[in-house]
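Engineer: The primary structure of each chain is shown beneath.
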Amino acid sequence: MNYRIKFQSLNYLWYVLLLLHSVPELWAQFNIPQAPAKIYPVNDYAQVLSLEQRGALNEKLITYGNSTSTEIVLISVQNLNGEDPNLVAANWGEKWKIGQEKQDNGILILLSVEDRKISIQNGRGIEPYLTDALSRRIIENEFIPLLKQGNYYGAFDKGTDAIFQVLKGTYKNTKPSKEGSEWGGLLFFVLLLLLFLLLFRGSNGGGGGKSSIASDLLTSILLSGMGRKDGGSFGRSDGGFGGFGGGGNFGGGGASGRW
Amino acid sequence: MKQKFPFLDSSEEEKIVHAIKEAERNTSGQIRVHIQEYSKKGISDLKAAKRVFVKLNMTNTNLRNGVLFHVATDRKSISIIGDKGIYRSVPKDFWEDVKETILSHFKKEAYAEGLGRGIYMAGQALKEYFPYQEDTINELPDQISKS
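Protein sequence lines, in the order shown, are assigned to chains Y and A. Heads up, the first sequence is in the working numbering, so the first residue is 56 and it goes up one at a time. Heads up, the second sequence is in the working numbering, so the first residue is -14 and it goes up one at a time.
Please keep in mind that the hints were generated in silico from the structure rather than gathered at the bench. You may find that some hints are simply not true.
[What the hints assert, rightly or not] For each label pair, taking beta carbons as the anchor points, the in silico distance ranges come out as:
{"id": "1", "chain 1": "A", "residue 1": "89", "chain 2": "Y", "residue 2": "209", "range": "52 to 60 angstroms"}
{"id": "2", "chain 1": "A", "residue 1": "85", "chain 2": "Y", "residue 2": "209", "range": "50 to 58 angstroms"}
{"id": "3", "chain 1": "Y", "residue 1": "204", "chain 2": "A", "residue 2": "85", "range": "50 to 58 angstroms"}
The C-beta atom is built at its ideal place from N, Cα and C for all residues, glycine as well.
Let the hints inform the model, and build the full structure from the sequences given.
Structural biologist: Below, the structure is given as structure tokens:
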């Protein structure tokens, strides 16, 4: 079986600024570096971040990766030798095998400093949540304004925040951590119960009003946990919440009838 | 009983698409209609509809407010599915109301009319809970999808 991540490529393309129009060198080609033995989230080849900034981003993304299993990798390079950022980013993701194998849930953000180009590429597991349109919106709203000011750290920080928000509640980590996994399972179950209670109360008192953000959040956490193997004391119910169509866990519902 | 074929003729389809555009006018919510001729056996109508919902990538809305009208002509079933944003906003009996309204027309073979009414109801609900915002874009196609 070939579980290699397949990156969507070329769907979106954003040129940050064409002020510095780099002339493609005819025979030049961008060589993607070999993957390091241990891939850290931040790969600042262009050295646009300070040591502290690199550390802060690394910490943030590792923490996020541990709790959600979604791997976000930031890469900055000086230039791409005139190559297309989306293509390079997609190939890069393939080469480094970003994301967990089966879930294909890697996200790669490539910034080319001299070209003033940025690309967000993601594995197929992410595609349903982080759509091309959303990626473009994140680039335009979060990255570009700060990049224009030369605030690379701010751009990466705000950009990844936006991605977190988009992905909130779509995946939970299925890569068991080495220590404390038993406690984790128990904690998860207790949390689930608690959330369920809260939710139940919330839906009784609501009376059709707007559900609060809190309960929304709770439900999405709750629902996203349904597919977990290790927490699975809740069965699947036909047509109810939780696990239909293999990964189609969107938390909605409705009514059916026949005529 | 032999099903009327096609389920909707082209002028009726146009009416439906128009109804969708109309219903989406003042809301960020998204409506789609899917007509399925052959359904998979062994799953409930609602579940079949939810699968289609996911297949059509209808969860790709920013506020998770897509609504799908799923018609399975072989089973003679209609399902109305809301994504989690809208599903949680409206009263529980909303979906039943829409279903009953549509069924009352479908029983008279007034399919376009039934769907049109349902779409209008969904539009009203979406307008209430997801009013139009400045950055509202039409996130999903308005065309009827089929399988």
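Engineer: Go through the numbered hints given earlier and state which of them the structure violates, listing their numbers in rising order.
Structural biologist: none
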